[in-house]
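Colleague: These protein sequence lines map, in sequence, to chains A and B.
So for the first sequence, my numbering puts the first residue at 1; every next one is plus one.
So for the second sequence, my numbering puts the first residue at 1; every next one is plus one.
Think of the hints as simulated: they come from the structure by calculation, not from any bench.
Virtual Cβ for every residue (Gly too), placed ideally from N, Cα, C.
Hints are supplied without guarantee of correctness; some may be wrong.
Claimed, not checked - In silico contact screen, one side only, chain B against chain A (beta carbon under 8 Å); selected entries:
1) Met1
2) His10
3) Thr181
4) Val183
What the hints assert, rightly or not - Coverage of chain A stretches by chain B, computed from C-beta distances (three or more under 8 Å per stretch; other residues unrestricted):
5) 86-96
6) 177-185
7) 318-325
8) 342-352
There are 2 protein chains.
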Amino acid sequence: MLTLQAPLEHAQAQHGQRTAVIDGERRFTYRELYERCRRLAGCLSSLGLNAGDRVALLAANCHAYLEVFCGAPAAGMVVVPLNFRLAEPELITIVRDCRPRILISDRDPGALATLVERVVMLPDEYETLLQAASPMRLPRLDENDLAALFYTGGTTGLPKGVMLTHRNLVANAFHKTIACTLVQDDVYLAAPAMFHVAGIAPLLGLIWLGATIVMVPSFDPELCLDCVEGHGVTLMMPVPTMVAAMVDAQCARPRNVSSLRMIGHAGSPISNEAIERAHETFKPAEIAQFYGATETSSIVTCFRDEGAAIGSPLLGSCGRPVAGVEVRVERPDGSACEPGEIGEITVRGANVTIGYWNQPEATASALRDGRYHTGDLGRITHEGFLFVVDRLKDMIVSGGENVYSIEVEDVLCQHTAVREAAVFGVPDDRWGEAVHAVVVVAPERAPEHTALEAMLKHHCRSAIAGYKVPKRIEARTEPLPKSGPGKVLKRALRKQYLRQHMETATEET
Amino acid sequence: MLTLQAPLEHAQAQHGQRTAVIDGERRFTYRELYERCRRLAGCLSSLGLNAGDRVALLAANCHAYLEVFCGAPAAGMVVVPLNFRLAEPELITIVRDCRPRILISDRDPGALATLVERVVMLPDEYETLLQAASPMRLPRLDENDLAALFYTGGTTGLPKGVMLTHRNLVANAFHKTIACTLVQDDVYLAAPAMFHVAGIAPLLGLIWLGATIVMVPSFDPELCLDCVEGHGVTLMMPVPTMVAAMVDAQCARPRNVSSLRMIGHAGSPISNEAIERAHETFKPAEIAQFYGATETSSIVTCFRDEGAAIGSPLLGSCGRPVAGVEVRVERPDGSACEPGEIGEITVRGANVTIGYWNQPEATASALRDGRYHTGDLGRITHEGFLFVVDRLKDMIVSGGENVYSIEVEDVLCQHTAVREAAVFGVPDDRWGEAVHAVVVVAPERAPEHTALEAMLKHHCRSAIAGYKVPKRIEARTEPLPKSGPGKVLKRALRKQYLRQHMETATEET
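Work out the full structure, taking the sequences as your base and the hints as a guide.
Modeller: Below, the structure written as C-alpha cells:
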C-alpha cells in the first residue's frame, strides 16, 4: 500500500513549514526536503537510472544522506548505504555483488570509481546536479518493491545484502513511533552512522510526524551535547560506547540538557553500571534499550525507562517486543521455548527482510517458517522480558559493529607467518567487546612478539575495516585446542584468556 | 504478517497482569482475556465452525463483545457485528446475505433464529459454553484473511457487507495509536456502539499497549461521567450528540474529570459552538475530531486539540490525514484537485477494505485505482486540513448513523397513500442532521396531516431502524420538482425547507 513516498508527501502537505533537518548552518523545511527528494529523483532519472537500479551511498551523516535514502527509493531505485569504516577490498566485494550504477560519495571512492558508471561527489557536485534537475513526478510503486540493501557481515565470511522493501521500512517506522511514543515536537539527534539501518530507519517515523532531525557528521560527545543544548534535542539513540562518552563529557562540563526525554541505546552489550551512570547524569530523561537487527529493519524489543529498573533483576534485559513485532525463542526443533528456557531468538513481522541479495541459500537458512532466525540465543521471562545470553553465530559486537570471527581469521591466515587463527570477543570497558586473536605461528617465520603483533595488525588493516582488526593478538607455537571433528575450541581459549585477565586484574589491585 | 492474534498474544505475554476490561462489576486481566478468547475459539470449533465461517453478533457493548470480536477472527472465523438499532426485516436481509452459522445475541433474535444453525444467548449460555470449552491452540492465519464484515447502508437501498481483513484492522490500530498518541496508561471508555467499526477497532491498539478498556452497555451521559471519575478514564470517542449531552450533564452536576486527556468525536457534523462548549467544560482535555468510514476500518483524518483552534477558520475541518493513510481529493476525471478545490475525497492505505461481500460491482465502483472513493465532497487547505463540504451519496448522517435516502423513500412509497417521496437531511441541534421527508399523497387515500404523519412513521418503523424514520414528514399533493431527466430536485426542496425554517426561527426570536 504505502511506500517511502508516503512520509515525504504526508510531511510536505501537513508540515510543509516545519523544520525537517538541521545540519550545521543548513536548515530545510519539509516542503524543501520533499522538493529536494523529487529533484534528486529527477536527476537520477535524467542520468538514465531505471526502477530497481542500485544507488550506492558512501558518506557521513548529512542532509544529503537523508535525501538519497528517501529520494532514490521514492523514485523506484534501490539505495545501498555503504559502511565507510570498511577497507577498500571489502567495499569492492559489496559493489561487485550489487552492481550499483551510481555512487554518491563524500570521499575519494578509490577503486570503487571504476566499478560504477558515475560517481557524484558530495556536497558540491551533488548540489549542482540537484539545482539543475527538474522535480520528478514520483512514479507508482508497490509496497513490496525493494527500497534498500544493507550489507552485513556473514558467518561464511562474505558480506550479505539484506533486502528491505518499502513495506519493511514503513512497518518499522510505525513500530518505532509507537515504541518510543514519538510526537511532532520531538527533536532527534542523528548521531549514529546512518549507513546502519538503526541510524536511518527511525527517521521515517519522525518525517511522518513532522518532527525535527538534527544531523551530526560523526559522533563527538562534546558536539552532541552542544546540539542537545542548542537545538533542544529530545531524543537520541547512541550506541553504548557513545553513552559512556557523553556521560564523561557532561560530568566534565555540564550543559543544559533538560530538553532530553529519552536516550536510547542499542547495538551492543551494556553494563548495568553504565546504565546507572547515564540515568544519574541525564535524569529525568529515560534511558531505554533496544534490540534489533538489519534483517528486522531495526527495532525488535524495547526496554523503556531502565532507570526505573535499577536494582531489579530485569536490568540487563533488552526489553520486550514492540507492538507489531513477534518474538519467539525456539528450540532447535522449531518449537517454542517455555519462559526462562534458552533458545534461538526468532522474529516475525512486516518489518522482517525478504532475504539476502542473490543468496537464496542464506535466505532459506535465515527465514524459516516465516520467521527470521537471529542466531542470537536468549530467554524470555514470564513478564515478556528478553535476555540475550549468547550468540549462535561466531560474531563479536564491538562498539556497535558486528564482526564475524571467520572473516578476521581468514585474513590472519593469509599471512605467511600464521598457521592457525582463532578470533573471539573479550569484555572491554569501552567497546563492550574487543576483538581478540590467538594465532599459531611458524617459529621459523615469526619475528619476536611485539613486531609480530604490529605486522599482523598492519596486514589486517589493509584488508578489513579498522574495527575488525584484533585489539590484541596472542602468538603461540603449539596447535589450537580442538574438538573431535577438528573444530577449534574457542570457548576454552576464551576461558583461558579471562582467567589470565582476571588474575592480572587481581594482581594490579 | 500479523493478524488479530498478535495483539492478544502480545498483551497476554507482556501485560498479563494488567487490567484489560472493566465491565460493571467484572474485570479481566489480559491473561484472562486471552484465555477467554481461546476458549471461545475452542467452543466455536467444537460447534463445528470452520475457517471462514461467519459468526454474527447482536449485542450491546460488553466484555463478551470484545471477546467475540477478537476471538472469532483469531480462530479463523469472520465476525459480523449487527446493528441492533435495525428493524427485523433489515437484519434478516443482512443475515441472508452473509449466512452466519451462529448468532451470539443478548436479546431475543426473533426470526433471525430460523436463519442460523444455533443461537448462543448472552450472558449465561455464552458463559456456560466458554467454561466448558478447552482453550484452542490458535491456527495459522494469513494477514489477508477476512476478519470481519460490517454492514452499511447503500445507495441502492440494499445493505453492503464491508469486508475487513486482519491486515486492515491491524493497520488501523497502528494509525489510531499514533494519531492519538495512545499509551499504556490510557483508560478508554468504550461508550459508542461497538457494532460500528469506529466503536470497536480502536480497542485493538489499546490491547497491544496493555491499556484498560471500560465498557458501558449504552451511552448515558451520567453513567459515562461517573465512569470517568470512578475509573480515571483518559480517553473517549463519543459521537457529537453524546458530547453535547455530556456537557449538559457535567454542567448540571460536575464530577472530577481531571483524568481525561482527550475527547474525540466523529461520525457526524458538529457545530463550532458545540466544540467550544466541550472545550470549556472539559479543559484541559483536548477535543479532537476524526473522520473515517467503515470502508477505511475507521480513522482517516484527525484534528488534534480543536480547542486551540477556536476563532481560527480551521475550526470546522475534520483535520489532517493520519500517518499511514493517504487522502486525495479528486476531480471526476480522477486527477488530484488543487488545494482549496472541491472534489471527491478518496483514501488509500493498508486500512482500506478489500471490497463488499458478494457485490463485485459495488466494489469496483468504490475501489478504483487503489483508492476508496468515499462519496463525500471535500477540499484540502494548503496546510493539509480537510473540510467535508457535501456528499455525493444521497445520505444523511443523524446522530452518528448513516441513513441512505433511497432506503427511506422506498419504504414510504410502499405505503398506498404515498405517490412520491423525497428524503433528505436538515440541520438539527441534537442529531446534527435530522431525516426529513416530503411526500406526495393521493388526496383520496390520505387522512388529515397529523394522522398521516403518524401513520407513515408507524409504517416506516416496522420496516427500518428507528433512526432512519423521518423526524418530520411534509405532505403535498402537487408533484415533486424534477430536473429534465426526471431526477427529483432535492436541493430545491431542502432550500425551501431551510427558508421556511429560518423564517420561523426569525419569527420566534
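Colleague: Each hint should be assessed against the structure and marked as holding or not.
Modeller: Here is how each hint holds up against the structure:
Because the closest C-beta pair between Met1/B and chain A is about 4 Å apart, less than 8 Å, the hint holds. Interface restraint check: His10/B against chain A, minimum CB-CB distance 7 Å, threshold 8 Å, status holds. At its closest, the beta carbon of Thr181/B sits 6 Å from a beta carbon of chain A; the interface hint therefore holds under the 8 Å criterion. With a least beta-carbon distance of about 6 Å to chain A, the hint placing Val183/B at the interface is held under the 8 Å criterion.
Coverage of the stretch 86-96 of chain A by chain B is violated in this model, with 0 residues showing a Cβ closer than 8 Å to a Cβ of that chain against a need of three. Counting residues of the stretch 177-185 of chain A whose beta-carbon sits less than 8 Å from any beta-carbon of chain B gives 4, enough to reach three: the coverage restraint holds. Taking a C-beta to C-beta cut-off of 8 Å, the stretch 318-325 of chain A contributes 4 residues in contact with chain B, enough for the three needed, and the coverage statement holds. With a threshold of 8 Å between beta carbons, the proposed coverage of the stretch 342-352 of chain A by chain B holds, since 4 of its residues qualify and at least three are required.
Comparing the model with each numbered hint stated earlier shows that hint 5 is the single one that does not hold.
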